[in-house]
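Student: Those protein sequences? They're chains A and B, same order as listed.
For the first sequence, position 190 (counting from the first letter as 1) is numbered 190 according to our numbering, and the numbering increases by one without interruption.
For the second sequence, position 108 (counting from the first letter as 1) is numbered 108 according to our numbering, and the numbering increases by one without interruption.
Just so you know, not all the hints are guaranteed correct.
Treat identical chains as interchangeable: a pair holds within one or across any two.
[Said to hold, decoys possible] When the alpha-carbon atoms are kept at most 25 Å apart in a straight line, the in silico SDA-like pairs for lysine to any residue are as follows: (1) Lys69 with Leu94; (2) Lys210 with Asp164; (3) Lys210 with Asp165; (4) Lys6 with Asp133; (5) Lys110 with Asp170.
Just so you know, the hints here were simulated from the structure itself, not pulled from any lab data.
Nothing here was measured: the structure is a model prediction, and the numbers come from that model.
Number of protein chains: 2
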Amino acid sequence: MVQQEKPTIAVLGGTGNEGSGLALRWAQAGYRVIIGSRNADKAARVCAELNDVLGRTALTWQDNLTAAKAADIIVLTVPYAAARATADEVRSSLDGKILIDATVPLVPPKVARVQLPEGGSAVAQMQAHLGADVRVVAAFQNVSAHHLRDLAHEVECDVLVCGDDIDARDTVIGLARAIGLRAYHAGPICNAAAAEALTSVLIAINSRYKIPGAGIRITGIEADCHAHEQ
Amino acid sequence: MVQQEKPTIAVLGGTGNEGSGLALRWAQAGYRVIIGSRNADKAARVCAELNDVLGRTALTWQDNLTAAKAADIIVLTVPYAAARATADEVRSSLDGKILIDATVPLVPPKVARVQLPEGGSAVAQMQAHLGADVRVVAAFQNVSAHHLRDLAHEVECDVLVCGDDIDARDTVIGLARAIGLRAYHAGPICNAAAAEALTSVLIAINSRYKIPGAGIRITGIEADCHAHEQ
Numbered sequence: 001m002v003q004q005e006k007p008t009i010a011v012l013g014g015t016g017n018e019g020s021g022l023a024l025r026w027a028q029a030g031y032r033v034i035i036g037s038r039n040a041d042k043a044a045r046v047c048a049e050l051n052d053v054l055g056r057t058a059l060t061w062q063d064n065l066t067a068a069k070a071a072d073i074i075v076l077t078v079p080y081a082a083a084r085a086t087a088d089e090v091r092s093s094l095d096g097k098i099l100i101d102a103t104v105p106l107v108p109p110k111v112a113r114v115q116l117p118e119g120g121s122a123v124a125q126m127q128a129h130l131g132a133d134v135r136v137v138a139a140f141q142n143v144s145a146h147h148l149r150d151l152a153h154e155v156e157c158d159v160l161v162c163g164d165d166i167d168a169r170d171t172v173i174g175l176a177r178a179i180g181l182r183a184y185h186a187g188p189i190c191n192a193a194a195a196e197a198l199t200s201v202l203i204a205i206n207s208r209y210k211i212p213g214a215g216i217r218i219t220g221i222e223a224d225c226h227a228h229e230q
Numbered sequence: 001m002v003q004q005e006k007p008t009i010a011v012l013g014g015t016g017n018e019g020s021g022l023a024l025r026w027a028q029a030g031y032r033v034i035i036g037s038r039n040a041d042k043a044a045r046v047c048a049e050l051n052d053v054l055g056r057t058a059l060t061w062q063d064n065l066t067a068a069k070a071a072d073i074i075v076l077t078v079p080y081a082a083a084r085a086t087a088d089e090v091r092s093s094l095d096g097k098i099l100i101d102a103t104v105p106l107v108p109p110k111v112a113r114v115q116l117p118e119g120g121s122a123v124a125q126m127q128a129h130l131g132a133d134v135r136v137v138a139a140f141q142n143v144s145a146h147h148l149r150d151l152a153h154e155v156e157c158d159v160l161v162c163g164d165d166i167d168a169r170d171t172v173i174g175l176a177r178a179i180g181l182r183a184y185h186a187g188p189i190c191n192a193a194a195a196e197a198l199t200s201v202l203i204a205i206n207s208r209y210k211i212p213g214a215g216i217r218i219t220g221i222e223a224d225c226h227a228h229e230q
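Throw the hints in and build the complete structure from the sequences for me.
Tutor: Right, dumping it as structure tokens:
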């Protein structure tokens, strides 16, 4: 049996809290991770910080398009307002690849209030915008950046994985498990509305109960139950 | 200190799976519970079944309006398609009371697909429809009817409680705790969209992983953390 090489992952918006947390965890798990950013100074600084945490030069950085071109899997973690423009910027590199979209349609300043776009899900809109040649998978919207960045902290949050392509969902479930997260098939891309809306609810819970990072667990299911069954 | 009497609860749609499960649990916890239904035969039969499970005559039944009039708190558990008509039927009895709305906008046959109404939440629409004199609280959308009906089964599902009136939310959190459920303040009524969408995701998970009743737990929070703090 040939051992498959791990895919290269580009994290666009990888200087932000969520993106840098995911980048750090995947780099720790042995993936080649490229941080994509429009801001070279910030990218260099965050990259150095993360490599420092890991104690080795595991992460590199590039502009978004160069990062996306070099990667097998592209992860979008920019703010909602920048998601469409960032996807368009790297569009030429996306065909046939998986785009993991962690976008949540938060509308500041009322980020603890569910404000879904017309039609429901921001990520479903992205899939419609990019067309069927790009396999968009919604995931990681509910995982606390605060906890991702702290490698000593087990991230107690399950990942709802939505997408119209089941193989792509399986790949993303594998990437979540590689960094210690339970992840579940949660239906077609339109179901991402649930995870998007839930993010505002978790922000509301954080605020009310004065905690840093509420998350969710799916109950009634064994953690490893049929995870790769189709 | 005067001991407050427990409120009387009317469960409209109490012959259905979710409604009868909640009615059973509250009756078991010592509340006076009235099942409201349009169908007298079915109401009598379900009521007898539930009393049989409890081993005493704890539940009664009435038509919806009589049940709502006699109750302090009204719980709406009819299917989405019947929710508006049922609320209108009992509208004259609702002023100043709490209406717990467990409605999920499922659109058969694709119930595992998130299909939120325009504007996001079905329950937020109900609050707008009924006006501010009725305190609508969204809750219990994610709790498995299958597990509620089995009194030997601990219900492993937290309740997201959304509403624009914080005191009303507190009351509902108390009612959830009375039947052994953890419940949390989850923001204003529009945030019910998260729990509504999540129901379709849980149905998708049940189907894919061949389990009877997936649920959610909120993580990162102590179960009793500041539950009644405002």
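Student: For every hint, state whether the structure bears it out.
Tutor: Hint check results:
no. : hint               : result
1   : Lys69 with Leu94   : within (8 Å within a copy, 60 Å between copies)
2   : Lys210 with Asp164 : between (37 Å within a copy, 20 Å between copies)
3   : Lys210 with Asp165 : between (38 Å within a copy, 20 Å between copies)
4   : Lys6 with Asp133   : within (22 Å within a copy, 59 Å between copies)
5   : Lys110 with Asp170 : between (34 Å within a copy, 22 Å between copies)
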